[in-house]
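All chains, please: the whole structure from these sequences, using the hints.
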Amino acid sequence: MSLLERKINIWTLTLAGLAVYLAGRLMWGGMIVATMRDLVIAGFAIVTVLISAQAFFFLYLILYAWNEPDTIEKNKSPKRLIEPRFSFTALLPARHEEAVIGETIAAIANIDYPEEMKELLVLVRGDDRETLEAAQRVMDTLGRENIKLVVVNDTPVNKPNQLNWGLYRAKNEVVAIFDAEDQPHPDIYKIVNTVMVREGTDVVQSGVQLVNYRSSWFAAFNVLEYYFWFKSALHFFARQGVVPLGGNTVFFKRVWLNRAGGWDEKCLTEDAEIGIRLSKMGARIAVVYDEEHATAEETPVTLSALVRQRTRWNMGFLQVLGRGEWKGLPKWNQRILTGYLLVLPEILVGVLLVAPILAWAGAVYGLGIPLAMFSYVPLGLLIMQLVVAVTGMWQFTRDYKLIFPWWMGPMLVAGFWPYIVILAIGALRAVWRLVVGNLMWEKTTHVNAHRVDGLGYAGVRYGEMG
Amino acid sequence: MGRWVEGLIMAAVIIGAGVVHGHNMFNFPYYENDEGVYVAQAWAAGNLSRLSPYTYWYDHAPAGWLLIALWQKISGGGFTFGMSVNSGRVLMWGLHVATAVLLYLVAKKAAGSRLGGVVAVIWFSLSPLAIYYQRRVLLDNVATFWVMLAVWILTREKLKLWTAAAAAATFGIAVLSKEVAIFFVPAFSYLVWNRAGKNRSFIMTVSFSVCGLVIGLYFLLALLKGEFWPRGFGGEVMERVSMVDTFREQMSRGVDFPFWDRRSLFYSAWKTWETKDPIWTWGGTISLIAGGVLAIRVKKLRVPAIFGWSFAAFLLTSRLIIDFYILPMIPFVAWCFGAVAGWAGEKLKNMTRLRAIWVAEVAGLSLLVLGGQDIGQFRRDENFAHRQAVEYAKANFPIESVIVADSSIYLDLKLARFESDPPLLNTHWSWKVEKDPGIYGKRLNNDWRNVDYILVSHETLKLVRQFGAEFIKAILDNSVHEAIWINGSTAYLDRTKYISTNGDWMGVNRVKDDISIVLDQTWKDYKERFVHDYGMVVDPATGQTTSEGQAYAMLRAVWMGDKKAFDGVWGWTRDHLQHRSDDKLLSWLWKGDQLMDFATATDADLDAALALVLANKKWGEEKYLEEAKRIMAYILAKEVVRIDGRLYLTSGSGAKEGAGYLVNPSYFSPAHYRTFAEVDPEHPWMTLVQDTYWLVEQISTRTENKTGLVPNWIWVDEKTGQVASAGKFREGADDYGFDAFRLYFRVALDRAWFSSEEALKLLSEASRFLASEWKAGGRLAAVYGLDGTARTEYASLANSMGAMAVFLSTRPELAEEMYEVLLEKKELEELTGWWGDMNNYYDQNWAWLGYALHNRRLNK
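Keeping their order, the protein sequence lines are chains A and B.
Numbering follows our numbering, with no gaps: position 445 of the first sequence is 445.
Convert by adding 1000 to the 1-based position in the second sequence; the result is the number in our numbering.
Warning: the hint list may mix true and false statements.
Cut-off 30 Å, straight-line C-alpha distance, at most; resulting in silico cross-link-like pairs (DSS-like, lysine-lysine) [as the list claims (entries may be wrong)]:
1) A/K74 - B/K1158
2) B/K1198 - A/K79
3) B/K1564 - A/K76
4) A/K79 - B/K1158
5) A/K401 - B/K1158
6) A/K280 - A/K76
7) B/K1473 - A/K190
8) B/K1271 - B/K1394
9) B/K1629 - B/K1564
10) A/K401 - B/K1394
11) A/K76 - B/K1160
12) B/K1198 - A/K74
13) A/K79 - B/K1160
Hints listed in this document are in silico derivations from the structure and should not be mistaken for laboratory results.
Please read these numbers as outputs of a predicted model, since none were measured by experiment.
Encoded structure:
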């Protein structure tokens, strides 16, 4: 369904709401004509209810894991690992990663699993000489037969394309995705093996955690996003049978990937997209999160990198939304939740844009004290989110045995709003680009290919969760 | 088996608490003012969409009465159970039963035994102290329920985050129901901490923020209404309420004494509790102390002890303690007692049976001892008077009457309780009448005379005595008793001192009308300024005391119903002026400390005798009549002479001048004679009436008299009765002036009291000249010659009263005009206590008499 059609749907809903309101008034007050003030008040009340519901649901999501004391334990990695049963092929797509690729290859190679049951495919483009050389160097040093370099020269030049080539070459039963800067835990295959055997799951998403929470003000929030997502919210979605997969530390049974026809090379967030398709096909997806085994990552270094990253994700989500695969999910709650997740950033923008208009309308038309008080409910919930964020950071530092510096609390309070604005900008940019038709994957690639970020976290690199 | 036992105990708790609290709950205890306030505010919330029928000023957060409002809606309006407060009491009853069930569950769980829970409930429900306060519609009862509910939610099972959030919200509602619940925060935090387990950080965070946000609604309300900041904040000048100001005022209430000081409010509250239930008060305190000490070692005592002590700390340190502040303590003290008793039982190690017997004994004893106390909770009807007063008001007050009443019966008076019930819309709370500028200022115009009725009660008197309510005091002081319901009251009542010790009575007072108030005020003022010693009237201009002045004061006192003043003035008169050797008449002049002249003045003797007759009629004491008769007899014997078959009233013992008598026509008073004739029919008083009118006719129709008025003095020949000028004996004798006008007042009295035709004729004759003078100049000269010329430039207030008396029955429109110009306007507006020159003895007396005559307030 196109964006335009979706808009029509929104309008239909709004008009239906108004009709219901007018009918109610007609029956209640015997008045046929609603004044402008009535309309404003009705609109105000409806929007406030929606915003409150959204804010409450968000709060519910980020606190989901902590509602019951035992939830956290249940989500952790299995304590006793069983004998290896499944064989693994790790796919490591890389582009301009000469600085880190070596260590990553070594780390994957060192995963504690029988050599004959694992395989590593390093996927590099032929024109990326530096990365090729760096990879080759390490492979020579390691001298393992089960590590292979796959040179890709196909188009489009993007991660799904590389992954598809990797899949084509993969021999083992389970395909694992890693990013070039990942440091997977040595036990990760055993854990995934155990989960897949015990619970019969087809796909396992393991935790990814950003850990550089002190490197910048927005890094702290970015870290919190990952923390709340992987430790809490994702488990709620998993329980509902909706798991938007991340870009790495994901493990697929190869048969399922083949059945799905691999990754969608035209999608900006191919990881999320394939997750939806697999769910639709009936694949069983599990989530495992354990501080000990989470894959450590780092947040974008600059604010603009962060915004670009978000823009790409959001564009990807909207793409997925537009394709409508999600509407084929078997259960209605899965469809609603997936739809909700895909437009969540835009909802945020909507709220930020609508709030001042509401405040203005409220001031102009005079709402009466009860409704005015009600309109503060979203603000209250937002304050709670802030307080929970601070507690979350404290809990994060405890979980990872890190220091909680004294300035962290005040900084989170000060940075809360700016960070929301940053997220909104990301969402707005995505919408804008989609609207003006700037859908060209190549162009983005091209632009970013010329950027040299200190650590190289430009949109083109694959190290971001989708 | 276990289920059955549990079910039976639960049923016993519900039925027990329900019966003990429900039986006689509409009759005991008496409706307290706060109850009416909350019920009325609930009504305002449900029907006017406002938080109070008056300006809401953040005295309390509104959640409590919003709940009552909801209840009123559900239960079919405010009068489903009779009086409006009853409806609230039914809700309180429900809350009590619910709280008892919650307490049972919580205490049972903490103690690990059912009996622990049962003992707690007994201590919670059965004490007369608890019943007394828990039956009342108090916000503390609502808050206690919510606190208990929060505790129950927290202790139910493994604590989940959202369950904790629900408990926190519940606790927030408790604080919004009555702010004192905030003092449970330490205990509440401890409980959450204790129960949170692994997810402590998030559970604490969420609990605190949820609770904070719920409580924050109260502040948000004030901010949105623009009533948060102190008055004058940011240079704003508007008059409005302010939350900050109210908080400040509330903080400054009470007294600064440590709790053990007899003057502290805690101490007096303690005494009240002790009176209501010494066993609970002492037993509870001991268990609280024991629980506190033991809790250091014994874990299961900690929660009740911490809850109990959190609130006890507030009670012990707060400046302001009202007796019902004990309410939130009651369940926790009860819990504490149950827990300590249970713990003591446990010390009987391994002897399960003994342990059970011990706790059962504690329970049984508590049941007997606590329940055995009687403060009237099951039989007394303390609200009979309230119901009667409402019915009386509805039946008798005009619908537009302005009524001041306790808030406890406010709704019952103000609203139509059923279809044909008249709504007395102008009913106001006594407290608001005293304190709310919107009421005493805007509605009542700062004038208590705009009130018609006040329903007098324990609360009204308390308002005056304890809170120094001036406005209410003025209303009480200027109102007259109409009805009272006091049968069976246990109160010690002294309304003159505003003392009442219980609220089980009520009365109705009617505020005096404006005229009574003016008469009252001026009489009071006159007494202060002119009456010295125990009853000596002194004219400040001369320093003299005259029998005339004494007699005027006696008349005024009896007409005012002021027995004390009457006895004082008459006593003084008797002691100092009634010393003539051969009669009992009054010597006329006294100055300083000695009698200046033994001679009598007939008018004073007449007036004094009349005052005594009226006093006898009014107060029924025979001695007054005896004394009156004695004087009357001597008047006839010594001051009345018979000439040529007619009776003449002479001017007194010194009237004899040459071959005749001095006569002062202004002493003539047919009204007096007729009154005397009624009590003394053997003497020729009626003849004197006839002869007086005949004589006045003679005087006023003499050819040289162009006015039809009488002169100040005349001389009567002792042989022929021939009337002549008294000019050579008295200065100004031939003019109409400071003496003469009084005749017309006295004749007007005869017209008013006895509808006398002769009086009307006489007044009509005087009317012509006076009317033309008044109409020509809008004023009258103090003195006129009988040829019609004005002898003075100035006017006299006293003398004008003669003309007003004339006009009253001849030219009423002129009387009204004079009345308004001279008497009414000024005095009504200012209520100063005097007319004209405040030190003019003559003016003050005659203006008062004129005012009273005009308003028909001189009763025979």
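Results of checking the hints against the structure:
Our distance criterion of 30 Å between C-alpha atoms is met by A/K74 and B/K1158, whose separation comes to about 17 Å. Note on B/K1198 and A/K79: the hinted pairing holds, with a Cα-Cα distance of about 19 Å set against a maximum of 30 Å. Straight-line distance between C-alpha atoms of B/K1564 and A/K76 comes to about 95 Å, which puts the hinted pair past the 30 Å bound. For the suggested pair A/K79 and B/K1158, the alpha carbons sit about 24 Å apart, so the restraint of at most 30 Å is met.
Under the criterion of a C-alpha separation no larger than 30 Å, the hint pairing A/K401 with B/K1158 is consistent with the structure, at around 27 Å. Taking the CA atoms of A/K280 and A/K76, the gap is near 26 Å; set against the 30 Å cutoff, the hint holds. Under the criterion of a C-alpha separation no larger than 30 Å, the hint pairing B/K1473 with A/K190 is inconsistent with the structure, at around 90 Å. Straight-line distance between C-alpha atoms of B/K1271 and B/K1394 comes to about 39 Å, which puts the hinted pair past the 30 Å bound.
Taken as a hint, the B/K1629 and B/K1564 pair is honoured in the structure, with Cα atoms around 22 Å apart against an allowance of 30 Å. Using a Cα cut-off of 30 Å, the hinted pair A/K401 and B/K1394 is violated, with the two alpha carbons roughly 77 Å apart. A threshold of 30 Å between alpha carbons decides the hint, and for A/K76 with B/K1160 the separation of about 19 Å falls inside it, so the pair holds. For the suggested pair B/K1198 and A/K74, the alpha carbons sit about 14 Å apart, so the restraint of at most 30 Å is met.
A threshold of 30 Å between alpha carbons decides the hint, and for A/K79 with B/K1160 the separation of about 25 Å falls inside it, so the pair holds.
The structure fails to meet hints 3, 7, 8 and 10 from the earlier list, while all remaining hints are met.
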